[in-house]
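Participant: Going line by line, the protein sequences match chains X and A.
Residue numbers 1 to 250, in the working numbering, belong to the letters of the first sequence in order.
Residue numbers 1 to 250, in the working numbering, belong to the letters of the second sequence in order.
One or more of the hints may lead you astray.
Intra- or inter-copy, both count: the list cannot distinguish identical chains.
[What the hints assert, rightly or not] Below, computed lysine-lysine pairings styled on DSBU-like, alpha-carbon distance capped at 35 Å:
1) Lys205 x Lys118
2) Lys205 x Lys235
3) Lys235 x Lys118
4) Lys91 x Lys235
5) Lys91 x Lys118
It is worth saying that the hints were derived from the structure and are not from the lab.
This one's a predicted model, so the numbers in the text were calculated from it and none came from an experiment.
2 protein chains.
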Amino acid sequence: MADLRRPAIILHTPQLGENIGAAARVMLNFGLADLRLVAPRDGWPSASAEAMSAGALGQGVQVSVFDTLEAAMAGLTYTIATTARPRGMEKPVFDAPGAVAAVRGGAGLAGILFGGEKSGLPNEAVALCDAVLTYPVSPAFASLNLAQAVGVFCHQWGAAAGLGGRFEGKEEGVGAPAPREDLIGMFEHFEAELDRAGYFYPPEKTPVIINNLRNALIRANWTTQEVRTFRGAIKALALGRGKARVKREE
Amino acid sequence: MADLRRPAIILHTPQLGENIGAAARVMLNFGLADLRLVAPRDGWPSASAEAMSAGALGQGVQVSVFDTLEAAMAGLTYTIATTARPRGMEKPVFDAPGAVAAVRGGAGLAGILFGGEKSGLPNEAVALCDAVLTYPVSPAFASLNLAQAVGVFCHQWGAAAGLGGRFEGKEEGVGAPAPREDLIGMFEHFEAELDRAGYFYPPEKTPVIINNLRNALIRANWTTQEVRTFRGAIKALALGRGKARVKREE
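Only chain X is shown next, with the shape it has when bound in the complex (with noise of 0.2 Å):
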């Protein structure tokens, strides 16, 4: 089911097609769809924006376009101005989680909006917000891409609307974590070979290897399948080894 709360994305006299297109598409990366321009210098449609959503223009973002901001905001009521410089304006400042908290937590539909390429957001733009969201950028190169911006809010949103994403491809049963007596009979088995291999020299310090293999050995988080492997493989080696000591004995 569709999340009511899915905010639009709104670009303020964006210049470049390339970035309208990877706006798009990160957008839809993370489950938004509703994409309004204000006065794209370039006009819209645009072939560089189609080329660069990679699809996501035809399936599922959908593009309107206006002539000044305020007509943008029309059925929104809550909008967030995306920008670096809050200007002595006294408006809640959030971080993306804190963005995203204020979308979610609201009633009715809200709005992101996102400065262009050349100057950001005017003061009138940011006036009409209700709440700013700004990045913990570098003070020394402080100037984001439009669409790197966009896809900042966009995974934050991603991320709280939990989508399905995340998981996606993890194959079940693959291996479950190994039962501890499983693990501790590798160990045993592992040492016991080592033992018979005279691996242990001098024997009073034994019990300070076996801990520094095991303390070792246990951070791998092995399943259960990985347990058997290992033993396949130390009796391999010590059948091997048994193997070689009897055609070097003949």
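Based on the hints, put chain A in the right spot on chain X.
Facilitator: The following block gives chain A in isolation, referenced to the frame of chain X:
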């Protein structure tokens, strides 16, 4: 001081210089600087990468190029493979905050590995990594642009590192929150003028109307300056009305 835990970003057989440049840009946006390329299809350096990096390739991101992933991992102690498809390997699977926490909590130098545009990471590459990073993408449209994938991690890194840009440009002292008594004074001023204007009718509804007004206005989180401005506005309206009346009476 540089954060010594800053991870390397490794791009495995990237194809488009544009994506390499965009990755470099977003790395530097969020304070990362070690970019390692494994067998970039179109060689290196790349004019398109240079252009898309918006200066990041000249301003701080160090690029190194390797023939193999193994060589690119030299010096790293912990690597995380970014992939939508954990292939039944029993590795820790992180979301973006989890991956950043693992990097920051670990000793030594970490790397975050991203697959090329066409086919992502091969199994052999994932097998060389300690853990997997996946994003909560929409199952129906799961293929993220390479630079966007890098950007999501980098943003998370910047958020955890507490980069200063979030409040960059925030002007100090523009407006402290108004003390409650100032706000109440403003309400009373407003209501007194409304009363003089005959606004409260019928009289028995006055308390309800006042509460409605106060509930609406109080949500604005007024600053001292804004209270002053609004009282000025009330005064102007009241005086102006008086003048109009005087004029009409003349």
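Participant: A separate judgement is required for each hint: does it hold in the structure or not?
Facilitator: These are the hints, each one checked on the structure:
1. With identical chains, the CA atoms of Lys205 and Lys118 are never at most 35 Å apart, being 69 Å at best within one copy and 53 Å at best between copies.
2. For the homomeric pair Lys205 and Lys235, the shortest alpha-carbon distance inside one copy (24 Å) is at most 35 Å, but the shortest distance between copies (90 Å) is not.
3. Taking the shortest Cα distances, Lys235 and Lys118 never come within 35 Å of each other, neither inside one copy (67 Å) nor across copies (42 Å).
4. Taking the shortest Cα distances, Lys91 and Lys235 sit within 35 Å of each other only across copies (26 Å), while inside one copy they are farther apart (68 Å).
5. In the homo-oligomer, the alpha carbons of Lys91 and Lys118 lie at most 35 Å apart inside one protomer (24 Å), although the nearest pairing across protomers, at 43 Å, exceeds that limit.
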